[in-house]
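Trainee: So the chains spell out like this:
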Amino acid sequence: MMRTVRLHEIANARTGDKGNRLNLALVCRNPADYPAVAAQVTAERVAQVFAARKPSRVVRYDLPKLAAFNFVLDDVLEGGVNASIGLDGHGKSLSFLVLDMPVLIAADVPRRARETETMGPGRSS
Amino acid sequence: MDALAAQSGPRFLMFETLAERTLALCQLERRQHPQRGYSPALERLLPPVLARCLSSGIRIVGNFGGANPPAAARRIAEMARSIGLRVPRIAIVEGDDIVTRLSAADLAAREIGGTSLAQRRKIISANIYLGAQPIVQALDQDADIVVTGRVADSALALGPLLHAFRWRADDWNRLAAGTLAGHLLECGAQVTGGYFADPGYKDVPDLADVGYPIAEIDQDGEIVITKPTGTGGVVDRLTVVEQLLYEIHDPSAYLAPDVILDLTDVEIAEIDKDRVRVCGARGKPAPETLKATVCFDSGLLGEAEISYAGPNAPARAQLAADVVRERLRKRVPRLEVRIDAIGVVSVLGAGRSPADFRQAQANDVRLRFAAQSTDAEQIEMLLDEVEALYCAGPAGGAGVRRRITPRVASASCLIERSYAQPRVTMVGVAV
Chain B
1 MMRTVRLHEI
11 ANARTGDKGN
21 RLNLALVCRN
31 PADYPAVAAQ
41 VTAERVAQVF
51 AARKPSRVVR
61 YDLPKLAAFN
71 FVLDDVLEGG
81 VNASIGLDGH
91 GKSLSFLVLD
101 MPVLIAADVP
111 RRARETETMG
121 PGRSS
Chain E
1001 MDALAAQSGP
1011 RFLMFETLAE
1021 RTLALCQLER
1031 RQHPQRGYSP
1041 ALERLLPPVL
1051 ARCLSSGIRI
1061 VGNFGGANPP
1071 AAARRIAEMA
1081 RSIGLRVPRI
1091 AIVEGDDIVT
1101 RLSAADLAAR
1111 EIGGTSLAQR
1121 RKIISANIYL
1131 GAQPIVQALD
1141 QDADIVVTGR
1151 VADSALALGP
1161 LLHAFRWRAD
1171 DWNRLAAGTL
1181 AGHLLECGAQ
1191 VTGGYFADPG
1201 YKDVPDLADV
1211 GYPIAEIDQD
1221 GEIVITKPTG
1231 TGGVVDRLTV
1241 VEQLLYEIHD
1251 PSAYLAPDVI
1261 LDLTDVEIAE
1271 IDKDRVRVCG
1281 ARGKPAPETL
1291 KATVCFDSGL
1301 LGEAEISYAG
1311 PNAPARAQLA
1321 ADVVRERLRK
1331 RVPRLEVRID
1341 AIGVVSVLGA
1351 GRSPADFRQA
1361 QANDVRLRFA
1371 AQSTDAEQIE
1381 MLLDEVEALY
1391 CAGPAGGAGV
1401 RRRITPRVAS
1411 ASCLIERSYA
1421 QPRVTMVGVA
1431 V
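Here the protein sequences come in this chain order: B and E.
Count the first sequence with our numbering and you get residues 1 to 125, in order.
Count the second sequence with our numbering and you get residues 1001 to 1431, in order.
In isolation and in its complexed conformation, chain B is listed as follows (with noise of 0.2 Å):
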């Protein structure tokens, strides 16, 4: 069985900004959906989300013995935190944007106890 869940379900994120470029580090929650995530979330799908921002260059690394991956987007900030008008020049909240994404996970993949301890009201399952 299948089931589609946004990927704020089953993963963490957290940016960084260094001038106009954005890294964006995303940890599955269980690494048993390391291969789900690394299947669907890619470099072209992250290019997709951030469109409107027109990066010109993302690439995905993948670090399986951490069940995660960085994203490193060029030219995402409008022009970063010392030029950006906008209010989050860091890009900070564009960790959850990502999260937004939808992605078709297995659903029987086992849940560690303290995931289950942090399901809360929020989650669906």
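Honestly, the hints are just simulated from the structure, not real lab data.
Since the model is a prediction, treat every value here as computed from it, not as a measurement.
Even for Gly, the Cβ is constructed at its ideal location relative to N, Cα and C.
One thing to keep in mind: the hints can contain errors.
What the hints assert, rightly or not - One-sided and incomplete, this derived list gives chain B residues near chain E with beta-carbon spacing under 10 Å: (1) Asp17; (2) Ala25; (3) Leu66; (4) Ala68; (5) Asp74; (6) Ser84; (7) Asp88; (8) Leu99; (9) Pro102.
Given chain B, work out where chain E should sit, using these hints.
Mentor: Same frame as chain B, but now just chain E:
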């Protein structure tokens, strides 16, 4: 402090206080007041820990020297005297400031990832990220407190480790482990559950009292990240991985002054409650060049906000945005104005193209207008037009706030190592 004092072995308290632009602000302050220009965080951070550190033999390493490490050292000596402590042995590390060593053109030729320095900017500061060696020298001379200006954040941890363990300068894997420890610590609570919580998904106990991280590192470079017992927050695989990758680009080549860190084989294990073991960092020989941050004046940022609430609020906000645009088009046609509707579209909104707020379901909309210019008059005109919405805009506009902020922009350069001339000076020592 209690947790650190209870540990055995050499202990160090690390303070990282300099964001990219902080140094430029320090430099500007130093020009105004020659006895200042150190990190303002010094006044807040040191008094609560100074007595305990000196009595427990915990040594302090911090980059709070900012643009004026000697002044910071004098201030620390003064603090110690005023609370009745012995004058500590303070070492200052200088030589990161290259603003007099390289001209604007020299810096422009070394800029990476842009050409902003080529446009004849008014340079405020230029600082090389120094490595761990000057910190090692300072600790070797028995400094109780090491005050630096710009050094790589991770060097604040690697320096003490090199001093304590006598790792060789080409023991790349251990240098990588020390650099990784520094990287995990450099944002404080960001590894212990700070900047992590997402209620119902990523719950963090007692975030209000979040504990700051402690890294226990052994001779072989194995790291355990933990936090003081009884504090809030959490240390687990997920908090550590998020910080591990924070501000990383290629995980196989994180450039630091002393080593190139490869994170691809790092493994993380939860060994106990709030204890995470991190191992497997690999190192490659240090890069040929050092990074420098150059800060320059980039004019003024003007911002003004106004609220529209209740029935039809989005339409009134849209009208206000249109009216201000129209009026400014006549008065300052070249000023590029960004308009956000906070609560409708602001941080995730992409470009500066005028969005249509009318479709929004919101009934409490705060409009934000922003522009940047070197011409103060143009900025004032924008802010005046927003304020004029009170009398000459749509109905119910409320709560105008306006602010002008001088802007400092920065660029990164790669600089030959020969321009970095670290100097270590002991102060507060009776000769």
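Trainee: Take the hints in turn and mark each one as holding or not.
Mentor: Going through the hints against the structure:
no. : hint   : result
1   : Asp17  : 7 Å, holds
2   : Ala25  : 3 Å, holds
3   : Leu66  : 5 Å, holds
4   : Ala68  : 5 Å, holds
5   : Asp74  : 9 Å, holds
6   : Ser84  : 9 Å, holds
7   : Asp88  : 4 Å, holds
8   : Leu99  : 9 Å, holds
9   : Pro102 : 16 Å, violated
The structure does not agree with numbered hint 9 stated previously, though it agrees with all others.
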